[in-house]
Amino acid sequence: MIVSIVVSSLLILGAGLVALAGFGILRLPDPLTRASAVSKAAALGLLLIIVAAIIDDRSPWTVLVLVLVLIAHLVTVPLSGLALARASYRSGTAQPPVTTIDEPFEQGHSQR
Amino acid sequence: MDISPTILDIALVLVVAGALAAIVRAAIGPSRADRVVAAELGFIAAVSALLLIAMRLEEPVLFDFALIAVLIGFLTTIGLARLVTRDRLTRDRQKPQGETS
Numbered sequence: 059m060i061v062s063i064v065v066s067s068l069l070i071l072g073a074g075l076v077a078l079a080g081f082g083i084l085r086l087p088d089p090l091t092r093a094s095a096v097s098k099a100a101a102l103g104l105l106l107i108i109v110a111a112i113i114d115d116r117s118p119w120t121v122l123v124l125v126l127v128l129i130a131h132l133v134t135v136p137l138s139g140l141a142l143a144r145a146s147y148r149s150g151t152a153q154p155p156v157t158t159i160d161e162p163f164e165q166g167h168s169q170r
Numbered sequence: 052m053d054i055s056p057t058i059l060d061i062a063l064v065l066v067v068a069g070a071l072a073a074i075v076r077a078a079i080g081p082s083r084a085d086r087v088v089a090a091e092l093g094f095i096a097a098v099s100a101l102l103l104i105a106m107r108l109e110e111p112v113l114f115d116f117a118l119i120a121v122l123i124g125f126l127t128t129i130g131l132a133r134l135v136t137r138d139r140l141t142r143d144r145q146k147p148q149g150e151t152s
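These protein sequences, in sequence, are chains V and A.
Using this note's numbering, you'd call the opening residue of the first sequence number 59 and step up by one each time.
Using this note's numbering, you'd call the opening residue of the second sequence number 52 and step up by one each time.
In isolation and in its complexed conformation, chain V is listed as follows (with noise of 0.2 angstroms):
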């Protein structure tokens, strides 16, 4: 009964983050903060949903596919959220009038 209930919050709060993250990537006004919005809300969204099924279901072998996938996510989601937003600075696409300080530029490592 408790496990239901862990389980069954597990999953609508990890559901919610990524709708959390759709409209976050409607809303916000330049691609540094949708590339924000997506690895750091869907990502966690995805995690409680990976743990809310390792929780349902409790068989050996799913367990080890589920870490896997688990341990999978958790390695590959700051990699792939640091390539999207330096794909995004790269291209010369982020100069929106929120972001105002640019780091690089001002150490010399870019020229906008």
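Treat the hints with care, since some could be wrong.
Stated by the list, open to error - Across the chosen pairs, the derived CB separations fall in these ranges:
| no. | chain 1 | residue 1 | chain 2 | residue 2 | range |
| --- | --- | --- | --- | --- | --- |
| 1 | V | P136 | A | D115 | 42 to 52 angstroms |
| 2 | A | R137 | V | W119 | 37 to 47 angstroms |
| 3 | V | F163 | A | S55 | 26 to 36 angstroms |
| 4 | V | L84 | A | E109 | 31 to 41 angstroms |
| 5 | V | I159 | A | D115 | 39 to 49 angstroms |
Claimed, not checked - Partner residues aside, some chain A positions facing chain V, computed with beta carbon under 7 angstroms:
| no. | residue |
| --- | --- |
| 6 | T57 |
| 7 | I58 |
| 8 | L65 |
| 9 | V88 |
| 10 | I95 |
| 11 | L102 |
| 12 | P111 |
| 13 | A117 |
| 14 | L122 |
| 15 | I123 |
| 16 | A132 |
Think of the hints as simulated: they come from the structure by calculation, not from any bench.
C-beta: ideal position from N, C-alpha, C; glycine also.
Following the hints, complete the assembly by docking chain A onto the known chain V.
Only chain A this time, still in chain V's reference frame:
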């Protein structure tokens, strides 16, 4: 496997809402970087929906697909990010060969 199907349906609807937002952003996104970000969100929503469908149908085999999908989605994101970056790199590299400005 004692989760009520209603909870799973609500979660699926929420995940699909995120995927629809990603589709809208990929359609109207002003720059290519926006479309790559939308592709990343669509991939995460797809893996979430895969896990939810696996729990809904009680088919543990579908969890294996989630493992493959996470790894392939990572490679896809890296490749698309490199494609977006390459515009700027090739343009900068060709600039000294053209006009002196």
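Hint validity - I123 of chain A Cβ closer than 7 angstroms to any chain V Cβ = 11 angstroms, violated
inquiry  = Can you verify the interface hint for A132 of chain A: is its Cβ closer than 7 angstroms to any Cβ in chain V?
reply    = 4 angstroms, holds
ask   = Does P111 of chain A pass the interface check with chain V, least Cβ-Cβ distance below 7 angstroms?
value = 5 angstroms, holds
task = For the range 39 to 49 angstroms, tell me whether the beta carbons of I159 of chain V and D115 of chain A fit it or not.
result = Taking Cβ atoms as reference, I159 of chain V and D115 of chain A lie about 44 angstroms apart, which means the hint holds.
request  = Go ahead and decide if the range 42 to 52 angstroms is satisfied by the Cβ distance of P136 of chain V to D115 of chain A.
outcome  = Violated, since P136 of chain V and D115 of chain A (Cβ atoms, about 24 angstroms apart) do not stay within the stated range.
ask   = Is the hinted range of 31 to 41 angstroms satisfied by the C-beta distance from L84 of chain V to E109 of chain A?
value = 34 angstroms, holds
ask   = Quick one, is the L102 of chain A hint okay against chain V at 7 angstroms, beta carbons?
value = 5 angstroms, holds
task = Verify the interface restraint on A117 of chain A: the C-beta must sit less than 7 angstroms from at least one C-beta of chain V.
result = 5 angstroms, holds
ask   = With 7 angstroms as the cut and Cβ atoms as the points, is L122 of chain A at the interface with chain V?
value = Because about 6 angstroms separates L122 of chain A from the closest Cβ in chain V, which is inside the 7 angstroms limit, the hint holds.
message = Holds or violated: the 37 to 47 angstroms window for the beta-carbon distance between R137 of chain A and W119 of chain V?
response = Hint holds: Cβ distance 42 angstroms, inside 37 to 47 angstroms.
request  = Grab the minimum C-beta distance from I58 of chain A to chain V and call the hint holds if it beats 7 angstroms, violated otherwise.
outcome  = 5 angstroms, holds
message = Does V88 of chain A hold up as a contact with chain V if the rule is Cβ-Cβ below 7 angstroms?
response = Hint on V88 of chain A: holds, closest Cβ of chain V at ~5 angstroms, below 7 angstroms.
The structure fails to meet hints 1, 3, 6, 15 from the earlier list, while all remaining hints are met.
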